[in-house]
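**Q** Listed below are the residues making up each chain.
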Amino acid sequence: MTHFLEVVLRGLGSGAIYALLALGFVIIYKSTGVISFAQPAMMLTGATITSYVGPALGVMLFAGFSFFASMAVAALLTAAFALVIERGAVRPMVGRPAFVVAIITIGIDIVVRVVTSGFIGLGARNIPNPWGLERVELAGLRVQERHLVSLATLAVVVAVLFWFYRYTRHGLAMRAAAFDQEAALTQGVSVGSVFALSWAMAGALAAVAGSLLAISAGVDRQIWIVALVALPAIILGGLDSLEGAVIGGLAIGVVESLVGTYQRDYAPWLGDNFAVVSPYVLMLLVLLAKPYGIFGTPEVRRV
Amino acid sequence: MTGPSAERTEPAPVARLDDVHLSFAGVKAVNGVSFEVRPGELFAIIGPNGAGKTSLFNVLSGVYRPQEGSVEFLGESILGRRPHRIAAMGMARTFQNIALFEHLTVLDNLMLGRHQHITYGFLQAFAWVGTARRQEIEHRRAVEEIVDFLELEQWRNMPVGLLPYGVQKRVELGRALAMEPKLLLLDEPVAGMNLEETEDTARYVLDIRDELDVPIIMVEHDMGLVMDLADRVLVVDFGTPIATGTPDEVQRHPDVVRAYLGSEVGP
Amino acid sequence: MLSARNLEVVYDDVVLALRGVSIDVPEDKIVALLGSNGAGKTTLLRALTGLLDIHDGEVTKGRVTLDETPIHRTSPERIVRQGVRQVLEGRRVFVELGVEENLKVGAHTARARMADNLERVYALFPVLGDRRAATAGYLSGGEQQMLAIGRAMMSEPRYLLLDEPTLGLAPRMVENIRDVVLEINKGGTAVLLVEQNATMALSIADHGYVMETGRVVLDKPAAALLRDDDVREFYLGLHPGEDGRKSFRDTKHYRRKKRWSA
Amino acid sequence: RGGGEADGESAVSAPGVSDEACPDAVNADNGCIYLGTISDLTQGPFAPLGVPITEAQAAFWNRVNEDGGIGGYDIDVTTYVKDNLYNPQTHQQVYGEIEGDVLALAQTLGSPTTLAIIPDMDRDEMVGAPASWTSLWAFEDAILESGANYCVEGMNAVDYMVGEKDISSVMAVGFPGDYGGDGAAGAEIAAEANGLEFTGVETAPGQEAQAGAISAIVKQKPDLVLLGTGPTETAVIVGQAAAQGFQGQFIGLGPTWNPALLETPAAPALEALYMQSGYWGPFGTETPGHQAMRDALGEVAQPNDGYTAGWAWSYPLKAALEEWLEGDYDKDRAGLLEAVQSLETIDYEGMLPEEAGNRTGDPDETIFRESVLSKVDPEAPSGVTIVSDFTAGPTASEHTFDGACFEG
Amino acid sequence: MTTLSTGSTSSTGAARGTATRARRGGRPSGRPQLYRSYAQELALFNTRPKRIWVGIIVLTAFGLSQMLTDNHLNTLALAYAFAIGALGLNIITGLAGQVSLGHAFFLGVGAYTAAAISGDPDGRTIGFGITNILVWLPAAGLVAGIAGVVVAPLATRLRGLYLAIVTLGLVFIGEHLFREWSDLTGGAGVGRESAVPELFGIEFARDGDLLTSDQKFYLLMLVLMLVFALGARNLARSRTGRAFAAVRDRDMAAEMMAINLPRAKTVAFAISSFYAGCSGALIYSIIGFFEPSTFGLLLSVQFIAMVLIGGAGTVSGAIMGALFITLLPTLTRELPAYVPFISGQVTDTPNVFQLEQVLYGLLIVGFLLFEPRGLFGIWIRIRNYWKGWPFSY
Ligand SMILES: Nc1ncnc2c1ncn2[C@@H]1O[C@H](COP(=O)(O)OP(=O)(O)OP(=O)(O)O)[C@@H](O)[C@H]1O
Ligand SMILES: Nc1ncnc2c1ncn2[C@@H]1O[C@H](COP(=O)(O)OP(=O)(O)OP(=O)(O)O)[C@@H](O)[C@H]1O
Ligand SMILES: [Mg+2]
Ligand SMILES: [Mg+2]
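Chains as they are written, first to last, in the working numbering: chain C, 120 to 422; chain E, 1175 to 1441; chain X, 4 to 265; chain V, 2 to 409; chain Z, 1339 to 1731.
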């Protein structure tokens, strides 16, 4: 039982990172109706920036502070970078079919990843942090500190986002812009700023996720692949639902961890790397029951 | 187009609703409506906004399944039947918010109306010889007659999305006619039209009813049109029927005046 | 005053939709804009509120001014902030948002008095109040139209441009809208009313314009328009020498029967 | 066939051989032999290896040119360099683009990618040096591999541990296929020979994909884990298994190591539990070849064993070119192929024994069965130093190779 | 949100002219004439300029087989094989409006089916030794088509991006399957030989007396692509194609036109997967060898890019898009040579190899920014320009 709970906790830890990534996807989707395939590149860029800023900051006060400070700087810089991209390559496409914009984001993803990879170099870039692979004992369970850090960060981010969407007019404006840009414009909503804001927020979230991901083994050129796991997470939760993204991300982390640990013993015939595809299998199973994910808004269809 | 002459000898109603109830999460859209449409009849349904008129159409064409009541078309119960099967039986309709296939041309939209009458399958489609080609040409001719009837010549190869509103409404009517319907449902056929277009539409509707002998159910807020054309009128309010009768009868009905007509502003 | 001078608008670099249109919407007045389908009424409204851009349209000549300041290069949301508000043709409610959420989006530029304005809208359209939590997309056509107008009122605009507000409304509701427009106008909002229902529009307007194929062909006080023979015949259905409207059953059957009886 | 036709007057009539001097020639009087390189240079998973390999090869041939070239020719390996993105289709396409312009391939990186061009290479009578150590290459005549293969590495790793400690179980953790799968096959053969319990665990690339492998290791506690993954996965697996209390030995195949791992949180675990297998001594080893390489490369940002590999892999082609130009062979590609097949020894300048270069006779006779083992040493240039020099364990020595191990 | 179609304007202009002309000519002499003119109007290439242009293009395409080097022919042959897949994706996505990111999976199914049928029976992977292309090509299409039918129920339940991402999941799950089933696929990191192309004794993979292997492949792929394109064009203008377009534009209205939605979507998936399966079998028969990870996200994305860049919804757009995306890497490998001050050294940053990738991305982005309606849109623009010339409007 202890072992099982430890496995679940580990899953929640990586799930927190998926959830942060998923939130980025959902924020962009909610306000623009587009899935941005540039998010993996944003994550890579954010983590890379952290790996440069961290050592530059040195150890201030205590090592954890340095990590969070460099992560915050990276989040800001990545957000700014996302703004530039949005302005240059996405804004001109306002009102175009979502899939054309999606392909554009794929092009952006290629370009940004190549450039960022140049800054990463061949090996992995380490991100200074005090946690590494250390573990602590919590109520009899041995947990990796980095997982607790990820979960705590997620909690803070969720609180801030909840406040933002609930108590500012921008939240509603962002949703309106996604449904009907022209109608939103006539309400005085600046669709341009809505787009910019959502890209910036998603960029910052990707940077945070990337930095957390790199705690244990650093940033290498291939970590962007992890961002793709956020896709089944958002579908599972419901494309336009923030709480769905969080739950979906955590659920996928846990399932992946459980499958990775136990599937070899109980269902070896599924193949050794089944854990890698388990998020997609979970997504499929959920969608068979709920076509719009757990929290997604059903499309309005009326004649 | 073959006139449904068979029906004329049959006294049975074309469509019949009996005590239909339909509600959505708290909203009673249709509340105990019964009516029947007889062969060759132009039947109008009027009522305030949100009274459930469109919902009645949706019940008839199988989009909504009522919680209670029975729905019959051509003597068969069509309750729970899928929309495409009901359409194939010969029920055609137009939509309150134009529902054309906007990227297709007028001709293609009309050809889609003939979907059920074209029988070749997709394997034949690939080769485009024999049956496929013959049928396309044959049905194209039928469609051209509708183009002619509705005076759509000048638009026929334009994507409908680019056409003026009034023309789009006419194309929609054409598409319904192309189905060679045994019952035609028109949801606000003249909304948003100017006077001239309204007159044109009135003429088409009369011709369809009189010369093709297709019974029609029409929902419309233009009282002039309803009163001039309809044989019988059903008035609903909050899903509940409040009056049925000839235009003159319902026009004088106090409930109707109160709930619906007001002091009558309109052309 | 909101005005357009010699406005020429081109879509997609090829379609000339307005050919030198000039109109004035004075403060505190109701102006009616009539015209057949495709005459360019909607295009004119788009030019007034900066929405041409997203339709690939462009002002190629002339100008739009608000209180003498040119605004035809201003972004739509700025124009809204300056108090010019358009209700789009065809309702265009945010179908997946709730009724009240729609209204709140409408209040985007006027958050401070949102609560009051909500009450005002619910008072004008009680149906909306009853269904404030309902998903807007499932409202009936007429209910959606009310929501669209209500949404525009949420920011207390100085100029309200209504594009066919009575489309698909029941007779009593048309009356209702007429009263609402009058009331909005009394509250100090100038209204530009684009309508197919000419009787209703001219009955409350101070001034009227008639457009045909991208041009203004008549520009007269509303009362004068009501007496104009052409307007009477083509827009009101009143023929000279006849009293009242003739029945739709009597419209001419020219052209018919040519090939149909086959 | 399109592209650079050979010069009519030249005695040598092979594509990619020219009487004109190379661009940026060292010896302006020499003709030029162009060699092609198809490697993983940007986005592919093996770019961290492909880049240093390619750079070391440029340095290697530059040194050859500085020594006067070969038979009146300078060798150019920088004009026709292509990125394969580790994609067989791209590999095949760029091969077609440079085929007519090069005499041979100084590098063709990856197994599935190289397999995609082998029919073309056969048709074109093209010779190429691989950049992978799969046992499959022993069975391809046109492929000029060097040193032991993964399969032999796996056998030797197990035999070594059997010699050192009293072990009873072996687990192979790695990517499936030509690399990890090949090493695992070798380990399995050796485990069987030594009567050890064997488990094979396949894993996929990516930090977050290692949970299954880690839990298998922690649960079964094998005495030896043979790793056949990339460096990042190595750090994650070793680091986290150690953090969960695993104390057994890890031995990683050649490509598992990257000195940058010593900066990750897994460094202490790696120092304690990890050993690296290799096909020759790591970057800092003292042999004339290694020394020449270090001199030629000068200051490198991060000395890793991609450089060593690129350098060592170049010797056979050098030997083949010398043999071809100096010997009595047709001066076309077929002649070069013939020259290759007549090589009995190759001077690796001490990086590998000379007999490792034997290419006469059937594969089972020529497969080189000695590998080296190193331990983590933060002081060493590439983070590891030799603990066991060239040795062939009993299993590898006795095994009969009759096909690629991973296919067996 | 899934309105991908820009192609509905296809042939509008040209067809319109003839339509009126045909009718004018037809009326006085009664029905037989009228009959004939509809037939003419409905013909595929119904105007003289159209016929001439298509003729010139096809002849040139055949002529290229004698003019280009083998290497270029090989690349073009691949492009044509990709075009078949793009035509398939265009049917499901451009025509029927169901955005599928699962195309790579169906390509894989086709490629493995063909490889297994024609593979060496004594090889290390499954093989039945039937190398006749007339056997393995239809089989590849059929098996993929059946896989499409199995997946189709998802499409009837899901909409828009949900469907897109679920089909993406299909790619990942399919890749896993391909990796694990190493008897069939040779396994991850290894791969297997692909289908052996042979037709009436002609072996395409070998140079012949008259034609080189690349010339033979080129001609074969050209002919096949033309056949598949013709089929797709016919389908698009048929009852089935119209039903797809109706489902795309307004599925509820389509149902009330008596169109059976689940059936239409299933048929669309089946046909599209059939094309994909054939395309997969052909692409890898040219390359000769393939590996399970080939059928990943990237391949699907490439196909989506082809369809969008070409201009969704049109046959010629899909072909142009496929040519563009397949030839783009060849182009970007050439371009850096013209950029000064950029290092050819692999260890430098930036270097030419990075620039290649950046250019690839930038060209796609730049292209869509400049002309979101795709290559087909550019063509329409050019045509409109000449039509309107010398008047601007
Ligand atoms: N799918 C649905 N879900 C929830 N409510 C619905 C749905 N369809 C209709 N309604 C509700 O049912 C009522 C009747 O709607 P309906 O569209 O039938 O009205 P109508 O009589 O056609 O009105 P109008 O004249 O304005 O078009 C409305 O209150 C509407 O909000
Ligand atoms: N986005 C567009 N692109 C190209 N042409 C357009 C566009 N929008 C409108 N038009 C054309 O401009 C002209 C004027 O259209 P507009 O919509 O302004 O007319 P309207 O008077 O509002 O008509 P209605 O009464 O039908 O709403 C029409 O000929 C129309 O086809
Ligand atoms: Mg209605
Ligand atoms: Mg309009």
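Fair warning: there could be bad hints in the mix.
[To be verified] Derived DEER-like restraints, expressed as beta-carbon distance ranges:
1) C:Phe283 - Z:Val1396: 30 to 38 Å
2) V:Arg124 - Z:Pro1491: 52 to 60 Å
3) C:Ala274 - E:Gly1335: 45 to 53 Å
4) E:Gly1200 - C:Leu124: 51 to 59 Å
5) C:Asp384 - Z:Trp1519: 15 to 23 Å
6) V:Glu356 - Z:Trp1519: 13 to 21 Å
7) Z:Trp1519 - E:Thr1305: 49 to 57 Å
8) Z:Pro1600 - C:Phe123: 39 to 47 Å
9) Z:Val1677 - X:Glu61: 34 to 42 Å
10) Z:Ile1390 - X:His58: 48 to 56 Å
11) V:Asp102 - E:Thr1305: 55 to 63 Å
12) Z:Val1396 - C:Lys409: 48 to 56 Å
13) E:Asp1429 - X:Asp253: 24 to 32 Å
14) E:Glu1319 - X:Asp59: 31 to 39 Å
[What the hints assert, rightly or not] Straight-line distance between alpha carbons at most 20 Å, and here's what the computed SDA-like set of lysine to any residue pairs gives:
15) X:Lys32 - X:Ala227
16) E:Lys1202 - X:Asp133
17) V:Lys220 - C:Ala386
18) V:Lys220 - C:Arg421
19) E:Lys1202 - E:Lys1356
20) V:Lys222 - C:Pro387
21) V:Lys220 - C:Tyr381
22) V:Lys83 - V:Ala29
23) E:Lys1202 - X:Lys32
24) V:Lys83 - V:Gly69
25) E:Lys1356 - E:Ala1433
26) V:Lys220 - C:His122
27) V:Lys83 - Z:Tyr1676
28) V:Lys166 - V:Asp125
29) E:Lys1356 - E:Ser1197
30) V:Lys83 - Z:Pro1600
31) V:Lys220 - C:Pro387
32) V:Lys222 - V:Ala297
33) V:Lys83 - C:Pro387
34) E:Lys1202 - X:Pro129
35) E:Lys1202 - X:Met4
36) X:Lys223 - X:Arg235
37) E:Lys1202 - C:Gly237
38) C:Lys409 - Z:Thr1494
39) X:Lys32 - X:Gly132
40) E:Lys1202 - X:Arg134
Simulated from the structure, these hints should not be mistaken for laboratory data. The beta carbon of each residue, even a glycine, is placed where N, CA and C say it ideally should be.
**Q** Taking the hints in turn, state whether each one holds.
**A** Each hint, compared with the structure:
no.: 1; hint: C:Phe283 - Z:Val1396: 30 to 38 Å; verdict: violated, 59 Å
no.: 2; hint: V:Arg124 - Z:Pro1491: 52 to 60 Å; verdict: violated, 47 Å
no.: 3; hint: C:Ala274 - E:Gly1335: 45 to 53 Å; verdict: holds, 48 Å
no.: 4; hint: E:Gly1200 - C:Leu124: 51 to 59 Å; verdict: violated, 43 Å
no.: 5; hint: C:Asp384 - Z:Trp1519: 15 to 23 Å; verdict: holds, 22 Å
no.: 6; hint: V:Glu356 - Z:Trp1519: 13 to 21 Å; verdict: violated, 41 Å
no.: 7; hint: Z:Trp1519 - E:Thr1305: 49 to 57 Å; verdict: violated, 42 Å
no.: 8; hint: Z:Pro1600 - C:Phe123: 39 to 47 Å; verdict: holds, 42 Å
no.: 9; hint: Z:Val1677 - X:Glu61: 34 to 42 Å; verdict: holds, 36 Å
no.: 10; hint: Z:Ile1390 - X:His58: 48 to 56 Å; verdict: violated, 37 Å
no.: 11; hint: V:Asp102 - E:Thr1305: 55 to 63 Å; verdict: holds, 56 Å
no.: 12; hint: Z:Val1396 - C:Lys409: 48 to 56 Å; verdict: holds, 50 Å
no.: 13; hint: E:Asp1429 - X:Asp253: 24 to 32 Å; verdict: holds, 30 Å
no.: 14; hint: E:Glu1319 - X:Asp59: 31 to 39 Å; verdict: holds, 36 Å
no.: 15; hint: X:Lys32 - X:Ala227; verdict: holds, 16 Å
no.: 16; hint: E:Lys1202 - X:Asp133; verdict: holds, 13 Å
no.: 17; hint: V:Lys220 - C:Ala386; verdict: holds, 16 Å
no.: 18; hint: V:Lys220 - C:Arg421; verdict: violated, 56 Å
no.: 19; hint: E:Lys1202 - E:Lys1356; verdict: violated, 29 Å
no.: 20; hint: V:Lys222 - C:Pro387; verdict: holds, 19 Å
no.: 21; hint: V:Lys220 - C:Tyr381; verdict: holds, 11 Å
no.: 22; hint: V:Lys83 - V:Ala29; verdict: violated, 26 Å
no.: 23; hint: E:Lys1202 - X:Lys32; verdict: violated, 41 Å
no.: 24; hint: V:Lys83 - V:Gly69; verdict: violated, 27 Å
no.: 25; hint: E:Lys1356 - E:Ala1433; verdict: violated, 32 Å
no.: 26; hint: V:Lys220 - C:His122; verdict: holds, 11 Å
no.: 27; hint: V:Lys83 - Z:Tyr1676; verdict: holds, 16 Å
no.: 28; hint: V:Lys166 - V:Asp125; verdict: violated, 50 Å
no.: 29; hint: E:Lys1356 - E:Ser1197; verdict: violated, 28 Å
no.: 30; hint: V:Lys83 - Z:Pro1600; verdict: violated, 48 Å
no.: 31; hint: V:Lys220 - C:Pro387; verdict: holds, 16 Å
no.: 32; hint: V:Lys222 - V:Ala297; verdict: violated, 45 Å
no.: 33; hint: V:Lys83 - C:Pro387; verdict: violated, 41 Å
no.: 34; hint: E:Lys1202 - X:Pro129; verdict: holds, 17 Å
no.: 35; hint: E:Lys1202 - X:Met4; verdict: violated, 46 Å
no.: 36; hint: X:Lys223 - X:Arg235; verdict: holds, 14 Å
no.: 37; hint: E:Lys1202 - C:Gly237; verdict: violated, 64 Å
no.: 38; hint: C:Lys409 - Z:Thr1494; verdict: holds, 13 Å
no.: 39; hint: X:Lys32 - X:Gly132; verdict: violated, 29 Å
no.: 40; hint: E:Lys1202 - X:Arg134; verdict: holds, 12 Å
When held up to the earlier numbered hints, the structure conflicts with 1, 2, 4, 6, 7, 10, 18, 19, 22, 23, 24, 25, 28, 29, 30, 32, 33, 35, 37, 39 and fits the remainder.
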